[in-house]
Amino acid sequence: GAVVSQHPSRVICKSGTSVKIECRSLDFQATTMFWYRQFPKQSLMLMATSNEGSKATYEQGVEKDKFLINHASLTLSTLTVTSAHPEDSSFYICSARARLAADTQYFGPGTRLTVL
Amino acid sequence: ILNVEQSPQSLHVQEGDSTNFTCSFPSSNFYALHWYRWETAKSPEALFVMTLNGDEKKKGRISATLNTKEGYSYLYIKGSQPEDSATYLCGPSKGFKTIFGAGTRLFVKA
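The listed protein sequences derive, respectively, from chains A and B. Per the working numbering, residue 1 is the first one in the first sequence, and the count goes up by one each step. Per the working numbering, residue 117 is the first one in the second sequence, and the count goes up by one each step.
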């Protein structure tokens, strides 16, 4: 299957700093990338959908100024958590899809963010 | 907004048992239904994508069925093995996005 990488896998930062997480599709062109957040013992919560070259579409309740998403190329999307606070500590995972809604999404391994 | 429900939330079975889980979702505006297996410390792995009412897919000991008219999908595991222990996620697609259920956490005891 296709491979999606995510970097870093784990990050610890101080409150008030910004953190950037990268998501790369290594062997296919991803028209659409998704960012999810997982709270403890809960499922994946979709944060936003990004299409290459256009602005991300955020889900209700997700602050776009807080979680900046850039999908600059068909193989790279970034999520920047700005001015992070302890409540932003979570597991963030991205996925990439080639083309259609019926196409398989390929997930990265996720990033564990801890804000002190 | 898609409301996806998966049941049971968790399941403990013995090695060799067969088991099944349910995924329920609104049947209107449905496009595709995805099943994933998510093992601890790994990326979720795609199992099946189904689009047609009555679709049945099979991969080894795992199979899935889809009923788009009533809005549900079943995932079956025949002869469970310890390596089947994982969280099984289902996610219907509507438009560009896929919304996932809370998952069913399967524990298979040897």
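Because the hints were derived from the structure by calculation, they are not lab data. Computed from a predicted model, the values in this text were never measured in an experiment. Mixed in with the good hints, there may be bad ones.
[Said to hold, decoys possible] Think about it this way: if two alpha-carbon atoms lie no more than 30 Å apart in a straight line, the pair counts; the simulated DSBU-like pairs of lysine-lysine are:
1. B:LYS213 - B:LYS173
2. A:LYS41 - B:LYS210
3. B:LYS194 - B:LYS225
4. A:LYS55 - B:LYS174
5. A:LYS14 - B:LYS194
6. B:LYS210 - B:LYS158
7. B:LYS185 - B:LYS158
8. A:LYS64 - B:LYS175
9. A:LYS55 - B:LYS225
10. A:LYS20 - B:LYS158
11. B:LYS225 - A:LYS20
12. B:LYS174 - A:LYS64
13. A:LYS14 - B:LYS173
14. B:LYS175 - B:LYS194
15. A:LYS41 - B:LYS173
16. B:LYS210 - A:LYS55
17. B:LYS175 - A:LYS41
18. B:LYS213 - B:LYS175
19. A:LYS55 - A:LYS66
20. B:LYS225 - B:LYS185
21. B:LYS225 - A:LYS64
Here is what the structure says about each hint:
At roughly 22 Å between alpha-carbon atoms, B:LYS213 and B:LYS173 fall within 30 Å of each other, so this suggested pair holds. Distance restraint check for A:LYS41 and B:LYS210: the Cα-Cα separation of roughly 25 Å lies within the 30 Å cut-off, and the hinted pair is therefore satisfied. As the CA atoms of B:LYS194 and B:LYS225 are separated by approximately 14 Å, the hinted pair is consistent with the 30 Å bound. With a C-alpha separation of about 38 Å, the suggested pairing of A:LYS55 with B:LYS174 is violated against the 30 Å cut-off.
Distance check on the hinted pair: A:LYS14 and B:LYS194 sit about 48 Å apart at the alpha-carbon level, beyond 30 Å; violated. Proposed proximity of B:LYS210 and B:LYS158 is supported: the alpha carbons are some 26 Å apart, at most 30 Å. Taking the CA atoms of B:LYS185 and B:LYS158, the gap is near 34 Å; set against the 30 Å cutoff, the hint is violated. Restraint check for A:LYS64 and B:LYS175: not satisfied, since their Cα atoms lie roughly 39 Å apart, outside the 30 Å limit.
For the hint linking A:LYS55 to B:LYS225, the alpha-carbon distance of about 47 Å lies beyond 30 Å, and the restraint is violated. Restraint check for A:LYS20 and B:LYS158: satisfied, since their Cα atoms lie roughly 21 Å apart, inside the 30 Å limit. With a C-alpha separation of about 40 Å, the suggested pair B:LYS225 and A:LYS20 falls outside the 30 Å cut-off, and the hint is violated. Between the alpha carbons of B:LYS174 and A:LYS64 the distance comes to roughly 40 Å, so the proposed pair goes past 30 Å and is violated.
At most 30 Å may separate the alpha-carbon atoms for a hinted pair to count; A:LYS14 and B:LYS173 exceed this at roughly 47 Å. About 11 Å separates the Cα atoms of B:LYS175 and B:LYS194, which keeps this hinted pair within 30 Å; it holds. Between A:LYS41 and B:LYS173, the direct Cα distance comes to roughly 29 Å. Compliance with the 30 Å bound is thereby established for this hinted pair. A distance of roughly 19 Å separates the Cα atoms of B:LYS210 and A:LYS55; the hinted pair therefore holds under the 30 Å criterion.
At most 30 Å may separate the alpha-carbon atoms for a hinted pair to count; B:LYS175 and A:LYS41 meet this at roughly 28 Å. Distance hint between B:LYS213 and B:LYS175 is fulfilled; the C-alpha atoms sit about 25 Å from each other, no more than 30 Å. At roughly 15 Å between alpha-carbon atoms, A:LYS55 and A:LYS66 fall within 30 Å of each other, so this suggested pair holds. Simply put, B:LYS225 and B:LYS185 have alpha-carbon atoms about 36 Å apart, too far for the 30 Å limit, and the pair is violated.
The straight-line distance between the Cα atoms of B:LYS225 and A:LYS64 is roughly 44 Å, outside the 30 Å bound, and the hint therefore fails.
The structure does not agree with the numbered hints 4, 5, 7, 8, 9, 11, 12, 13, 20, 21 stated previously, though it agrees with the rest.
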